[in-house]
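Novice: The residues making up each chain are set out below.
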Amino acid sequence: MSNLSRRKLIYTGLAAAAGVSGLSVAASLAHKCGLVPPDHGGLYGLGETLTYASQRLLTRHSFAREFSRSQISERPMANEIAPLSEPFKRLQAGGFADWRLTVDGMVDRPASFSLDQLKSYPSRSQITELSCEEGWTYIAEWIGVPLSHVLNLVGTHPQARYVVYFSIEPYWWESIDMADAMHPQTFLTYGMNGDVLPVGNGGPLRLRLPRQLGYKSVKFITHLTVTDSMKKFGKGLGSASPEGGYAWYAGI
Amino acid sequence: MGHAWAAARPDIPLARAHAAVKIPGCQMGAPSGTIPRVGDTACIPSAVSAVPATTVTSRHSALVRVTHWITTLCFFALLVTGAEIVISHPRFYWGETGNVLTTPLFKIPIPSSRSLVPTGYGYVLPDQNGWSRALHFQSAWIVVLTGSLYVIWGLVTGHFRKGLLPAKSDLSWRGISSVIANHLRFIRPSEGDAWSYNVLQRLTYLFVIFVLFPLVIWTGLAMSPAFVSAFPATVTLLGGRQTARTLHFFITLALTLFLLVHVALVALAGFRSRMRAMVTGQADHTRRAHE
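First to last, the sequence lines map onto chains E and C. For what it's worth, my numbering labels the leading residue of the first sequence as 2, then goes sequentially. For what it's worth, my numbering labels the leading residue of the second sequence as 174, then goes sequentially.
In isolation and in its complexed conformation, chain E is listed as follows (with noise of 0.2 Å):
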């Protein structure tokens, strides 16, 4: 009896060593090849970092599901947006001829795109759905520029790992990975239905990223900063999201 508790004793030692040591392993892995989302830290850490990383692994170039012309929601659904601040109103009363988009960060051309000459890049529509954190959803069409295309513009660093995207609106910023960034179906978006992008779906420009949650498709975007590390901008959480207790990653 002794002896077979010792044993076990030993056997159940041993896998909790293997156990610990194996996940250490993986742990270093993780962060070696960008598996690790800046909102690892904290007491939901592990089902983020979980998520992250095994959608990160099976879904690096999947597209998002693209629907027909007739499954198109008849009404868009514009989510509530807080009363729009005054540098907002200023550039809606000018037709938003004076919105621009600066680029900078880790590139080796920082530039400022107003929105003619975004709009005179090759243009591409998608037709995918919105899906709210909320529940709801709707389907439309965007039409927008690839990211890639101005990122390539621009030339990002070969260290670049996040590109930062803010809204206009303060305190309205997300950020994503490379991977979405240079993801085909991920937009400056400027149109929809084949007409402008109304203001309450973000108009005159919002990044559309189709993959994950609407709450990352932020609007009213006026300027990129490509990065190699989250830790310099706000809580160093990766966006404003995961600051008010959201995910960072929003792929689910």
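Hints in this document: simulated from the structure, not taken from any laboratory. Mixed in with the good hints, there may be bad ones.
Said to hold, decoys possible - Below, in silico cross-link-like pairs of lysine to aspartate or glutamate (DMTMM-like), each with a Cα-Cα straight-line distance of 25 Å or less:
| hint | chain 1 | residue 1 | chain 2 | residue 2 |
| --- | --- | --- | --- | --- |
| 1 | E | K236 | C | D343 |
| 2 | E | K90 | E | E170 |
| 3 | E | K90 | E | D109 |
| 4 | E | K232 | E | E142 |
| 5 | E | K120 | E | E142 |
| 6 | C | K280 | E | E81 |
| 7 | E | K120 | E | D109 |
| 8 | C | K280 | C | D300 |
| 9 | C | K280 | E | E75 |
Using the hints provided, position chain C relative to the given structure of chain E.
Specialist: Below, chain C without anything else, positioned relative to chain E:
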């Protein structure tokens, strides 16, 4: 059912026979399977004469117990956080899309944590979605990993075949209806049932493990925009993302119903002994003198 359990369950180690004092007189008139309680004044052991033993034996293996309680914790976390997430949009739809501009399949008549949802209430509840979502997905990860371990272990060791697959002879309508009749008449389970599951229990557990849990995981994954980008059939087979969400809700209701019935029946069958079996692994099996 008789006492075929002993032969039918070679996996149960019949071990550790603790001698427990049993007073034959106390059995008189007591319902079958009732064990005299400590403090029952009529049963103070005045004479230690004929001493049939109460055998305490392992009922549930350590793996079953650990995975059972991890699953319990995760299920509660998933249920509470799932309810919180539903509160942000207590409307359900069928098909691919749905929002406040479209007609719902049904609404839950509760206030919402979002002002955009027309609920008829004059107030908006505080937003709890951030931590709810984080805990929901973390619990989902833990329960999926725990459940996978349990299922693989169960298949390898023959736990499902021996412990949960009903015997062919029990699968008759008669066998099932007699169990149902006993349940409806609140007849307490016989001693053998402390050891082994009756046909209704077996079918229910198999349904929960192999139908409801896989379905709730499937419908959950079908709502992930990234997961379905890699595996679109996950959602297209169901008929759309809103259908997946609605099914996820109904399967949760089914699992909750199972939980309530499960706890009620544990209480009826003997809360302390059943809890002891699932916590320490040991179950009382009272050997009666005349057996």
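Novice: Now tell me if each hint is right for this structure.
Specialist: Hint by hint, here is what the structure shows:
| no. | hint | result |
| --- | --- | --- |
| 1 | E/K236 - C/D343 | violated (62 Å) |
| 2 | E/K90 - E/E170 | holds (11 Å) |
| 3 | E/K90 - E/D109 | violated (33 Å) |
| 4 | E/K232 - E/E142 | violated (35 Å) |
| 5 | E/K120 - E/E142 | holds (16 Å) |
| 6 | C/K280 - E/E81 | holds (21 Å) |
| 7 | E/K120 - E/D109 | holds (22 Å) |
| 8 | C/K280 - C/D300 | holds (19 Å) |
| 9 | C/K280 - E/E75 | holds (21 Å) |
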